[in-house]
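**Q** Use the sequences and the hints to build the structure in full.
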Amino acid sequence: MLGVQNLETVHEVQVLTSNYSAEYGRASSGVVRMVTKSGTREFHGDLTYLFQNSALNANTWSRNRAGNPRLSESPPPWRYNQFGFTLGGPVFIPGRFNTDRSKLFFFWGEEWIRRREEVTRTLAVPTAAMRQGNLSELLDPGNSFFRRSRPATDPDTRQPFPGNIIPRSRLSAQGQALLRVYPEPIPGFLEGTANWISTFPAWQNVHKDTVKIDYLMSSKHSLAFRGTRIPYHFNSVNGSSRYDELWSRPNRTAALSLASTFSPTFLNELTLSASSDGLGDIASDPACGSR
Numbered sequence: 111m112l113g114v115q116n117l118e119t120v121h122e123v124q125v126l127t128s129n130y131s132a133e134y135g136r137a138s139s140g141v142v143r144m145v146t147k148s149g150t151r152e153f154h155g156d157l158t159y160l161f162q163n164s165a166l167n168a169n170t171w172s173r174n175r176a177g178n179p180r181l182s183e184s185p186p187p188w189r190y191n192q193f194g195f196t197l198g199g200p201v202f203i204p205g206r207f208n209t210d211r212s213k214l215f216f217f218w219g220e221e222w223i224r225r226r227e228e229v230t231r232t233l234a235v236p237t238a239a240m241r242q243g244n245l246s247e248l249l250d251p252g253n254s255f256f257r258r259s260r261p262a263t264d265p266d267t268r269q270p271f272p273g274n275i276i277p278r279s280r281l282s283a284q285g286q287a288l289l290r291v292y293p294e295p296i297p298g299f300l301e302g303t304a305n306w307i308s309t310f311p312a313w314q315n316v317h318k319d320t321v322k323i324d325y326l327m328s329s330k331h332s333l334a335f336r337g338t339r340i341p342y343h344f345n346s347v348n349g350s351s352r353y354d355e356l357w358s359r360p361n362r363t364a365a366l367s368l369a370s371t372f373s374p375t376f377l378n379e380l381t382l383s384a385s386s387d388g389l390g391d392i393a394s395d396p397a398c399g400s401r
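When we follow my numbering, the leftmost residue of the sequence shown carries the number 111, and every step to the right adds one.
In case anyone wonders, no lab produced these hints; they're calculated from the structure. Idealized CB from N, CA, C, for every residue including glycine. There's no promise every hint is true.
With a straight-line cut-off of 20 Å between C-alpha atoms, the simulated DMTMM-like cross-links for lysine to aspartate or glutamate are [unchecked claim]:
hint, residue 1, residue 2
1, K147, E220
2, K213, E152
3, K213, E379
4, K147, E379
5, K330, E379
6, K330, D210
7, K147, D319
Ranges between beta-carbon positions, derived for each pair [said to hold, decoys possible]:
hint, residue 1, residue 2, range
8, F195, Q286, 53 to 61 Å
9, N169, T371, 56 to 64 Å
10, N253, A168, 28 to 36 Å
11, F161, S346, 19 to 27 Å
12, G388, Q286, 39 to 47 Å
13, T371, W171, 57 to 65 Å
14, S373, Q162, 45 to 53 Å
15, E228, G285, 28 to 36 Å
16, D387, E228, 24 to 32 Å
17, Y130, P270, 53 to 61 Å
18, L157, A312, 22 to 30 Å
19, R180, Y130, 45 to 53 Å
20, P265, A239, 19 to 27 Å
**A** As structure tokens, this is what we get:
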């Protein structure tokens with residue numbers, strides 16, 4: 111979904127799985143090669159729109175077992191809107207330049223994605239007794255955390271604490287403060303070792319620009335330029351500490367290619383390209399859209 115360009119701007123797609131040539135570098139798995147469309151002698155364009163909604167989805171297994179009616183009675187909220195357009199054609203000046211529309215062409219595509227959803231997170235968190243140093247429940251071979259008996263050892267004597275209970279005098283104030291960062295267990299919820307479940311809003315804003323210029327210099331030489339720009343803004347949900355991080359990841363690529371036909375059996379293509387892939391604080395990016 112977050113490729114260099116959308117499918118409406120792609121003329122050809124190749125999926126390479128092995129024996130890559132040198133131009134693809136040291137790829138270790140599949141390589142997807144996309145060729146951007148070019149303009150033609152006639153103007154062509156299209157409009158696209160894709161919409162998805164949680165009303166069409168089934169609920170997840172985790173939410174069904176959460177024991178919370180708000181989670182078990184309906185699937186997580188989901189809104190996905192993807193819309194855009196493409197336009198291509200000749201570049202000409204009537205009576206002055208490219209009058210037969212056979213030399214210079216352009217292609218332009220833009221796409222926007224707005225994704226809104228609710229992410230479900232599960233965790234294994236300390237019980238109320240554990241927060242007080244009482245780890246006796248871990249002596250039960252069927253405990254949900256380890257599925258085997260797990261004695262707590264005194265680091266000074268290297269012997270198990272009696273009853274698997276750490277004396278209050280041995281509890282660290284810093285450790286107690288750290289435990290308070292973690293949420294408390296959800297009564298009645300247990301999924302594997304996880305005894306806590308919650309939901310967080312997640313979102314993505316993506317804007318994709320693609321432009322391509324083709325110039326037929328002569329019957330033997332052609333020049334092509336392609337550029338893409340993808341401002342990508344999203345949040346990253348951290349379930350353990352119950353906060354989300356806001357990120358901005360602008361991506362840009364540009365490529366200039368000169369294709370030459372020297373003979374029916376001798377072809378050459380020279381390509382110069384550059385790209386940038388940044389990651390930064392979303393608050394510092396004025397291009398960030400509304401959440």
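**Q** Does each hint fit the structure? Answer for all of them.
**A** Going down the list of hints, with the structure as the test:
Pair hint K147 plus E220 holds up; C-alpha atoms about 13 Å apart against a cutoff of 20 Å. Taking the CA atoms of K213 and E152, the gap is about 12 Å. The hint holds against a cut of 20 Å. In summary, the hint linking K213 to E379 is supported, as the alpha carbons are separated by about 19 Å, within the 20 Å threshold. Taking the CA atoms of K147 and E379, the gap is about 18 Å. The hint holds against a cut of 20 Å.
Taking the CA atoms of K330 and E379, the gap is near 12 Å; set against the 20 Å cutoff, the hint holds. Restraint check for K330 and D210: the C-alpha separation of about 18 Å stays at or below 20 Å, so the hint holds. Our distance criterion of 20 Å between C-alpha atoms is met by K147 and D319, whose separation comes to about 13 Å. Checking the proposed 53 to 61 Å range against F195 and Q286 shows it holds: the Cβ atoms sit about 58 Å from each other.
Here the CB-CB span from N169 to T371 is close to 59 Å, well matched to the stated 56 to 64 Å. Between N253 and A168 the C-beta distance comes to about 32 Å, which sits within the given range of 28 to 36 Å. Between F161 and S346 the beta carbon distance is about 25 Å. The supplied range of 19 to 27 Å therefore holds. Distance hint for G388 and Q286: a CB-CB separation of about 40 Å, consistent with the stated range 39 to 47 Å.
For the pair T371 and W171, the beta carbons lie near 58 Å from each other, so the given range of 57 to 65 Å is met. Between S373 and Q162 the beta carbons are some 52 Å apart, a value that agrees with the proposed interval 45 to 53 Å. For E228 and G285, the Cβ-Cβ distance of about 33 Å falls inside the hinted range of 28 to 36 Å, so the restraint holds. Our hint of 24 to 32 Å for D387 and E228 holds, since their Cβ atoms are close to 29 Å apart.
In this structure the supplied range 53 to 61 Å holds for Y130 paired with P270, their Cβ-Cβ distance being about 56 Å. A C-beta distance of roughly 28 Å is found between L157 and A312, which places it inside the suggested range of 22 to 30 Å. A beta carbon spacing of about 49 Å between R180 and Y130 agrees with the range 45 to 53 Å that was offered as a hint. Here the CB-CB span from P265 to A239 is close to 21 Å, well matched to the stated 19 to 27 Å.
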